[in-house]
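Student: Top line first, the protein sequences correspond to chains A and B.
For the first sequence, counting from 1, position 217 maps to 217 in the numbering used here; every step adds exactly one.
For the second sequence, counting from 1, position 286 maps to 286 in the numbering used here; every step adds exactly one.
In short, the hints are calculated from the structure, not lab data.
Do not take every clue at face value.
[To be verified] With a Cα cut of at most 30 Å, we get these calculated DSS-like pairs of lysine-lysine:
(1) K251(B) with K152(A)
(2) K19(A) with K152(B)
(3) K152(B) with K45(A)
(4) K319(B) with K45(A)
(5) K65(B) with K152(A)
Protein chains: 2
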Amino acid sequence: MVQTLADIGEFGLIQRINKLLGRAGIQSRGLTLGVGDDCASFQPKVGVEILVTCDCMIEGRHYLKDYMTPVDIGRRAMVMNISDIGAMGGYPLYALVSLGLREDTPVKDIDDIYQGFIEELRPFQASLIGGNVTRSEDSNFIDITLIGEAEKDAILRRSTARIGDAVLVTGYPGQAAAGLRLLLDRDKDRYLEAHPLISAYTRPTHKAREGRAIATSGLASSMIDISDGLIGDLGHICEESGVGAEIVREKLPVSEHMSGIDLESGDLYDMVLNDSDDYELIITCPSENIEMIRSVVTEINNVRVSEIGSVTEASEGLKIVLPDGSRRNLTSHGWDHFKK
Amino acid sequence: MVQTLADIGEFGLIQRINKLLGRAGIQSRGLTLGVGDDCASFQPKVGVEILVTCDCMIEGRHYLKDYMTPVDIGRRAMVMNISDIGAMGGYPLYALVSLGLREDTPVKDIDDIYQGFIEELRPFQASLIGGNVTRSEDSNFIDITLIGEAEKDAILRRSTARIGDAVLVTGYPGQAAAGLRLLLDRDKDRYLEAHPLISAYTRPTHKAREGRAIATSGLASSMIDISDGLIGDLGHICEESGVGAEIVREKLPVSEHMSGIDLESGDLYDMVLNDSDDYELIITCPSENIEMIRSVVTEINNVRVSEIGSVTEASEGLKIVLPDGSRRNLTSHGWDHFKK
Numbered sequence: 001m002v003q004t005l006a007d008i009g010e011f012g013l014i015q016r017i018n019k020l021l022g023r024a025g026i027q028s029r030g031l032t033l034g035v036g037d038d039c040a041s042f043q044p045k046v047g048v049e050i051l052v053t054c055d056c057m058i059e060g061r062h063y064l065k066d067y068m069t070p071v072d073i074g075r076r077a078m079v080m081n082i083s084d085i086g087a088m089g090g091y092p093l094y095a096l097v098s099l100g101l102r103e104d105t106p107v108k109d110i111d112d113i114y115q116g117f118i119e120e121l122r123p124f125q126a127s128l129i130g131g132n133v134t135r136s137e138d139s140n141f142i143d144i145t146l147i148g149e150a151e152k153d154a155i156l157r158r159s160t161a162r163i164g165d166a167v168l169v170t171g172y173p174g175q176a177a178a179g180l181r182l183l184l185d186r187d188k189d190r191y192l193e194a195h196p197l198i199s200a201y202t203r204p205t206h207k208a209r210e211g212r213a214i215a216t217s218g219l220a221s222s223m224i225d226i227s228d229g230l231i232g233d234l235g236h237i238c239e240e241s242g243v244g245a246e247i248v249r250e251k252l253p254v255s256e257h258m259s260g261i262d263l264e265s266g267d268l269y270d271m272v273l274n275d276s277d278d279y280e281l282i283i284t285c286p287s288e289n290i291e292m293i294r295s296v297v298t299e300i301n302n303v304r305v306s307e308i309g310s311v312t313e314a315s316e317g318l319k320i321v322l323p324d325g326s327r328r329n330l331t332s333h334g335w336d337h338f339k340k
Numbered sequence: 001m002v003q004t005l006a007d008i009g010e011f012g013l014i015q016r017i018n019k020l021l022g023r024a025g026i027q028s029r030g031l032t033l034g035v036g037d038d039c040a041s042f043q044p045k046v047g048v049e050i051l052v053t054c055d056c057m058i059e060g061r062h063y064l065k066d067y068m069t070p071v072d073i074g075r076r077a078m079v080m081n082i083s084d085i086g087a088m089g090g091y092p093l094y095a096l097v098s099l100g101l102r103e104d105t106p107v108k109d110i111d112d113i114y115q116g117f118i119e120e121l122r123p124f125q126a127s128l129i130g131g132n133v134t135r136s137e138d139s140n141f142i143d144i145t146l147i148g149e150a151e152k153d154a155i156l157r158r159s160t161a162r163i164g165d166a167v168l169v170t171g172y173p174g175q176a177a178a179g180l181r182l183l184l185d186r187d188k189d190r191y192l193e194a195h196p197l198i199s200a201y202t203r204p205t206h207k208a209r210e211g212r213a214i215a216t217s218g219l220a221s222s223m224i225d226i227s228d229g230l231i232g233d234l235g236h237i238c239e240e241s242g243v244g245a246e247i248v249r250e251k252l253p254v255s256e257h258m259s260g261i262d263l264e265s266g267d268l269y270d271m272v273l274n275d276s277d278d279y280e281l282i283i284t285c286p287s288e289n290i291e292m293i294r295s296v297v298t299e300i301n302n303v304r305v306s307e308i309g310s311v312t313e314a315s316e317g318l319k320i321v322l323p324d325g326s327r328r329n330l331t332s333h334g335w336d337h338f339k340k
């Protein structure tokens with residue numbers, strides 16, 4: 001019989017998690033008190049700023065438990081938070097996790113979810129320092145607060161794009177959305193399970209190291225990670241910076257994996273532009289810095305950096321240039337969780 | 001027609017919250033970037049340690065929406081986190097809030113919940129610096145991460161109680177549990193709505209200022225706030241400190257409000273000892289410091305500090321001394337969210 005949370009109880013689970021953290025967890029620099037008291041505590045490095053972000057993943061809404069392993073669910077929840085820290089130029093150090101769990105959740109699955117957290121934190125020598133567990137009647141959820149540090153001069157915001165800057169993007173936005181579509185269709189084509197697009201959805205990678213390198217280089221004017229889709233997050237840059245942007249459809253990066261799936265050309269670009277949890281970066285910079293930014297990124301990882309357009313006056317809004325030279329308005333929208 | 005989240009959407013809600021924070025929120029000391037980017041950032045005071053805690057409240061499980069106003073729900077969620085920071089000797093500065101909301105939640109209720117957060121943060125000049133909103137299919141939930149600061153020497157843990165110390169408790173634990181019982185019975189006695197015990201449940205107050213004063217005084221050996229009940233949290237002190245404790249039933253503080261309700265005497269003490277979200281403090285200290293700790297607390301607030309027992313050897317476990325002089329084992333249990 002599968003052991004569930006109902007069998008071991010909340011305090012049993014907490015003890016189990018603490019043991020797991022003791023075995024596999026890491027003691028981050030500066031940590032003075034980890035799990036086990038009313039609060040955790042740490043001593044920040046002198047002169048740095050503290051960065052904090054939190055993001056919540058709800059089963060059925062942000063992830064599909066039947067299509068992802070518990071390890072991947074844990075990794076993905078942590079990746080989305082690490083991505084936020086990296087997109088500001090910081091490095092993650094301390095994570096707090098709130099879990100809402102149905103009592104029929106297998107204990108083994110929870111171990112695996114924590115394993116996923118730890119796997120993503122380990123490369124940064126970052127650690128889990130606190131959290132709580134509560135019973136959920138319905139969907140499981142994972143809410144993570146991630147704390148990092150950055151030197152004051154290294155912090156790069158989304159609100160500082162300048163008119164005339166180039167707009168760059170890392171990797172291939174839209175691959176996660178394409179992977180999700182394949183995954184939902186997989187009963188038809190089971191051989192697709194190992195497809196790279198499906199991995200892009202189930203095991204996304206952040207570009208936090210690349211983000212930090214770009215931010216500390218001083219070459220970029222603004223940066224954001226993609227979690228609301230390319231249009232959605234470019235829209236956030238425009239709104240917060242008080243600018244517009246124009247992107248050129250033919251310059252949008254389309255991976256060979258995406259070209260290979262059976263989609264109309266229009267659908268393909270829609271997928272590149274719209275809701276997709278890719279955790280790539282959008283960067284703006286003076287055009288003379290593009291090649292240097294490419295070098296900075298390449299030193300870390302062999303990630304493509306595509307120039308896809310430019311920053312314009314706010315009055316121009318968000319536009320796309322089609323192959324025939326015509327310009328169309330792009331609606332800046334992301335993944336809106338409530339709107340009818 | 002009542003406007004709900006489905007009408008204004010996620011981004012509409014975020015804009016609304018940001019406006020509310022702009023109007024009523026506070027810019028805390030050290031804050032360098034608030035709501036609106038991938039992360040918030042702050043510059044810690046030199047030499048302090050950062051304290052972090054997170055706690056989650058789920059509708060139907062941790063609060064009953066039909067018995068509490070949205071403002072009180074927001075206050076209570078923040079109070080439980082402020083209490084954790086104070087119980088370690090710190091002061092709260094920055095809060096991040098994750099909300100899981102059904103799409104039929106009235107927008108007015110969300111405004112009120114935020115109002116509750118702000119009312120509790122304002123006395124500390126603490127502010128909301130980030131968070132996220134996601135759609136919940138079922139119960140609403142509020143998950144708060146609260147960040148504070150404390151001088152290194154001021155931090156007081158639960159793991160440092162010493163054998164022979166006195167055990168003190170502030171206020172009247174059990175009042176919130178008694179209030180909840182009255183509340184659930186109120187169809188029978190509607191006049192009870194304004195009863196002080198019901199306020200103890202719906203509008204609990206933290207003892208964070210008292211906790212910080214006790215911690216900085218250096219007079220106490222350990223401290224914890226009560227969120228798992230008096231036995232549960234005294235049990236946490238025992239476990240983490242490697243000690244036992246003996247409490248004397250006749251020394252347990254019973255408020256006149258509690259004496260006034262219709263309970264058997266045994267039930268009354270059960271209520272004082274067991275699960276109750278009172279956010280009072282349990283303190284251990286050398287017995288010669290008791291009066292000085294009382295003075296430290298009284299300078300802040302007219303709160304009763306009761307000596308209820310003493311710290312013993314670990315092998316003695318957790319015991320209660322009854323009026324006839326007999327000793328009984330107390331099971332250290334709290335509010336276990338999963339156990340069958």
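Student: Out of the numbered hints, which ones does the structure contradict?
Tutor: 1, 4 and 5
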